[in-house]
Amino acid sequence: MFYAYFRLNDESGDTMTALLTMTDIDYRVGERQILTKINLRLEKESNLMVVGPSGSGKSTILQIMARMISPSAGQMTFDGHDAFTYDPMVYRRRVSYCFQQPTLFGKTVADNLNFPFEIRNQSVDETRQHELLAQVNLSPDYLNHDITGLSGGERQRVALIRNLVFVPDILLLDEVTTGLDTDNKAIVHSLVDHYRDRGGTVVWITHDESEIAAADDLYEVVAGKHTQEVRHA
Amino acid sequence: MHNAVNVNNVSLAFAAGLVLVALFIGWRQKLGVDRDMIIGVVRAIIQLTIVGFLLKYIFAVNNVLLTLAMILVIIFNAAYNAMKRGKGIPNIFWSSFWSILISTSVTLSGLVLAGAIKFVPSQMIPISGMIASNSMVAIGLCYRNMRTLFRDQRQQVLERLALGASVHDSAIGIVRECIKTGMQPTIDASKTYGIVSLPGMMSGLIFAGVDPVYAIKYQIMVVFMLLSATSLGSVSACYIAYRRFFNDQQQLISASDNGK
Numbered sequence: 168m169f170y171a172y173f174r175l176n177d178e179s180g181d182t183m184t185a186l187l188t189m190t191d192i193d194y195r196v197g198e199r200q201i202l203t204k205i206n207l208r209l210e211k212e213s214n215l216m217v218v219g220p221s222g223s224g225k226s227t228i229l230q231i232m233a234r235m236i237s238p239s240a241g242q243m244t245f246d247g248h249d250a251f252t253y254d255p256m257v258y259r260r261r262v263s264y265c266f267q268q269p270t271l272f273g274k275t276v277a278d279n280l281n282f283p284f285e286i287r288n289q290s291v292d293e294t295r296q297h298e299l300l301a302q303v304n305l306s307p308d309y310l311n312h313d314i315t316g317l318s319g320g321e322r323q324r325v326a327l328i329r330n331l332v333f334v335p336d337i338l339l340l341d342e343v344t345t346g347l348d349t350d351n352k353a354i355v356h357s358l359v360d361h362y363r364d365r366g367g368t369v370v371w372i373t374h375d376e377s378e379i380a381a382a383d384d385l386y387e388v389v390a391g392k393h394t395q396e397v398r399h400a
Numbered sequence: 185m186h187n188a189v190n191v192n193n194v195s196l197a198f199a200a201g202l203v204l205v206a207l208f209i210g211w212r213q214k215l216g217v218d219r220d221m222i223i224g225v226v227r228a229i230i231q232l233t234i235v236g237f238l239l240k241y242i243f244a245v246n247n248v249l250l251t252l253a254m255i256l257v258i259i260f261n262a263a264y265n266a267m268k269r270g271k272g273i274p275n276i277f278w279s280s281f282w283s284i285l286i287s288t289s290v291t292l293s294g295l296v297l298a299g300a301i302k303f304v305p306s307q308m309i310p311i312s313g314m315i316a317s318n319s320m321v322a323i324g325l326c327y328r329n330m331r332t333l334f335r336d337q338r339q340q341v342l343e344r345l346a347l348g349a350s351v352h353d354s355a356i357g358i359v360r361e362c363i364k365t366g367m368q369p370t371i372d373a374s375k376t377y378g379i380v381s382l383p384g385m386m387s388g389l390i391f392a393g394v395d396p397v398y399a400i401k402y403q404i405m406v407v408f409m410l411l412s413a414t415s416l417g418s419v420s421a422c423y424i425a426y427r428r429f430f431n432d433q434q435q436l437i438s439a440s441d442n443g444k
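Taken in order, these protein sequences are the chains called R and P. For the numbering used here, count along the first sequence from 1 and bump the result up by 167. For the numbering used here, count along the second sequence from 1 and bump the result up by 184.
Bear in mind the hints are in silico, worked out from the structure with no lab data behind them. Please read all numbers here as calculations on a predicted model, not as lab measurements. From the three backbone atoms N, C-alpha and C, an ideal C-beta is built for every residue, glycine too. Check the hints yourself; a few may be wrong.
Anything over 10 Å on all C-beta distances counts as not near chain R; from chain P, calculated [stated by the list, open to error]:
(1) S195
(2) L207
(3) W211
(4) R219
(5) A228
(6) L238
(7) I242
(8) A253
(9) K268
(10) G299
(11) S306
(12) R328
(13) V359
(14) S387
(15) V397
(16) K401
Computed spacing ranges between beta-carbons, pair by pair [unchecked claim]:
(17) R/R363 <-> P/G357: 31 to 37 Å
(18) P/V290 <-> R/R195: 43 to 49 Å
(19) P/G272 <-> R/S221: 25 to 31 Å
(20) P/F208 <-> R/S221: 57 to 63 Å
(21) R/D313 <-> P/L232: 52 to 58 Å
Derived contacts from chain P toward chain R, CB cut-off under 8 Å, selection only [to be verified]:
(22) Q339
(23) G348
(24) A349
(25) D353
(26) Q433
In isolation and in its complexed conformation, chain R is listed as follows (with noise of 0.2 Å):
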């Protein structure tokens, strides 16, 4: 059984002002407790970075926070409503979750790039594609390069600017740096700096030291005990 607790900013903060909250979420498999009464809260703009070991449920909070995935019990809010009465559809296109091992799918850049204007009914914007492109060192020729000769790198690159086209409102990063190397991290790093700096809040989960080190606030998850790890930039 894992148990979790996470408090942001401070415990008496006005739920109404968070951008999401988590009040005592439980997730279970069957008889497997993956967590228990988890309670997080969210402000607008802040940059959490959630840690711990592996196997801590770390990830399953943040699929919830994606709504990826339900809890068995617990109450979740987002920008001052009950999450889970807004169309999941919509929730998603607010609240995006980039994944461990993201998969590019079509054959080419631009079958990736495209795809958050297809599902919006929108006509492409190669002006954004590019600009989006040039923000993570990659030249706009590389909307025509097929998936399979793109580097590790540079597909974690393209997979997080997939989840930027339209700017959501909180952006879920799981494990995004993990297996990049120093020049790919620091992209990375930039790009999620750039997408701050323009008011984006950010969930972040890694085992990576420098990105710990750098984070405003800090919160472990610890299997079986409740944690609580609190530090302020």
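On the provided structure of chain R, position chain P as indicated by the hints.
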């Protein structure tokens, strides 16, 4: 009709010797199919005998309701068999039933309205059987492929959902691939009719002494009919079934999803 085939009981008994050949091969090669083969042969004899007498009665009565009831029984059985290919997909029997009902009723209606067949049991029932069985095979292939693709492309579907795509937009690639899988055998078979195989209906008519040129017309009709049936069956089955892989929260269902 003077050349019409005449299978008497003695010739049928001799033909049964061919089963012994198959049994011998199975035994010699240690295939372990002896039991299944015997059960299959016995079932075929019993089922066909019962159906033979049943059809004789229904053809003689020539009643609309009885004809429709017989067609429904065929569709029900076809749906039950298609269901076996979709094990693990919730409510898959009804998905199969509605799909085969749609493909059979639309195709039959088209044939009757075009004057290709008459609404008499001796034409409606055999044609329904052909349509339903081909739809059943097509739908079975769709289900099998759908289960495989949802497993193999699970991450891609999740990525699309996470980007804010609808269930439809997340799974449309899989749906299209499965429809194609369902239709492909019929398309492939239609390309080789006449040069590789002399298909069932045409062979049957020729056996019965009908002019081959006249038999061809019927076979061409069957080709059209089966293309329509398998496409309708595959499309409706895939569009009904793919939604069963998601819950009401538009989440991809998995064993680890507890659901709220």
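Here's how the hints hold up against the structure:
Every C-beta of chain R lies more than 10 Å from that of P/S195, the closest at about 59 Å, which supports listing it as non-interface. Under the 10 Å C-beta cut-off, the non-interface status given to P/L207 relative to chain R holds; the minimum distance is some 46 Å. Interface exclusion of P/W211 from chain R stands, the closest Cβ pair being 46 Å apart, more than 10 Å. For P/R219, the non-interface assignment is confirmed: its Cβ lies about 37 Å from the closest Cβ of chain R, beyond the 10 Å cut-off.
Residue placement check: P/A228 keeps its beta carbon more than 10 Å from all beta carbons of chain R (closest about 44 Å). With 10 Å as the threshold on Cβ separation, the claim that P/L238 sits away from chain R holds: the shortest Cβ distance comes to roughly 48 Å. Listed as a non-interface residue, P/I242 keeps its Cβ farther than 10 Å from every Cβ of chain R; the least gap is roughly 51 Å. For P/A253, the condition that its CB be more than 10 Å from all CB atoms of chain R holds, with the nearest at approximately 44 Å.
With a minimum CB-CB distance of about 27 Å to chain R, P/K268 clears the 10 Å threshold, and the non-interface call stands. Distance to chain R confirms P/G299 as a non-interface residue, since its nearest Cβ pair spans about 44 Å, more than 10 Å. Separation of P/S306 from chain R is adequate, the least Cβ-Cβ distance of about 52 Å exceeding the 10 Å criterion. Even its closest Cβ contact with chain R, about 23 Å, leaves P/R328 beyond 10 Å, as expected for a residue assigned away from the interface.
Residue placement check: P/V359 keeps its beta carbon more than 10 Å from all beta carbons of chain R (closest about 15 Å). Distance check on P/S387: its Cβ is at least 45 Å (rounded) from any Cβ of chain R, clearing the 10 Å threshold; non-interface status holds. The beta carbon of P/V397 is kept farther than 10 Å from every beta carbon of chain R, the shortest such distance being approximately 48 Å. Its beta-carbon lying about 45 Å from the closest one in chain R, P/K401 satisfies the requirement of being farther than 10 Å from that chain.
Taking the beta carbon of each, R/R363 and P/G357 are about 34 Å apart, inside 31 to 37 Å as hinted. Taken as a hint, the range 43 to 49 Å holds for the pair P/V290 and R/R195, whose Cβ atoms sit roughly 46 Å apart. P/G272 and R/S221 have their C-beta atoms about 30 Å apart, which keeps the hinted 25 to 31 Å range intact. Under the hint 57 to 63 Å, the C-beta atoms of P/F208 and R/S221, about 58 Å apart, fit the expected range.
Between R/D313 and P/L232, the C-beta spacing of about 55 Å keeps the proposed range 52 to 58 Å intact. Taken as an interface hint, P/Q339 checks out: its beta carbon lies about 5 Å from the nearest beta carbon of chain R, inside 8 Å. The beta carbon of P/G348 comes within 3 Å of a beta carbon in chain R, closer than 8 Å, and the hint placing it at the interface holds. The criterion of a C-beta within 8 Å of any C-beta in chain R is met by P/A349, whose closest approach is roughly 5 Å, and the hint holds.
Checking P/D353 against chain R: minimum C-beta separation of about 5 Å stays under 8 Å; hint holds. For P/Q433, the interface hint holds, the least distance from its beta-carbon to any beta-carbon of chain R being 5 Å, beneath 8 Å.
In this structure, every one of the numbered hints holds.
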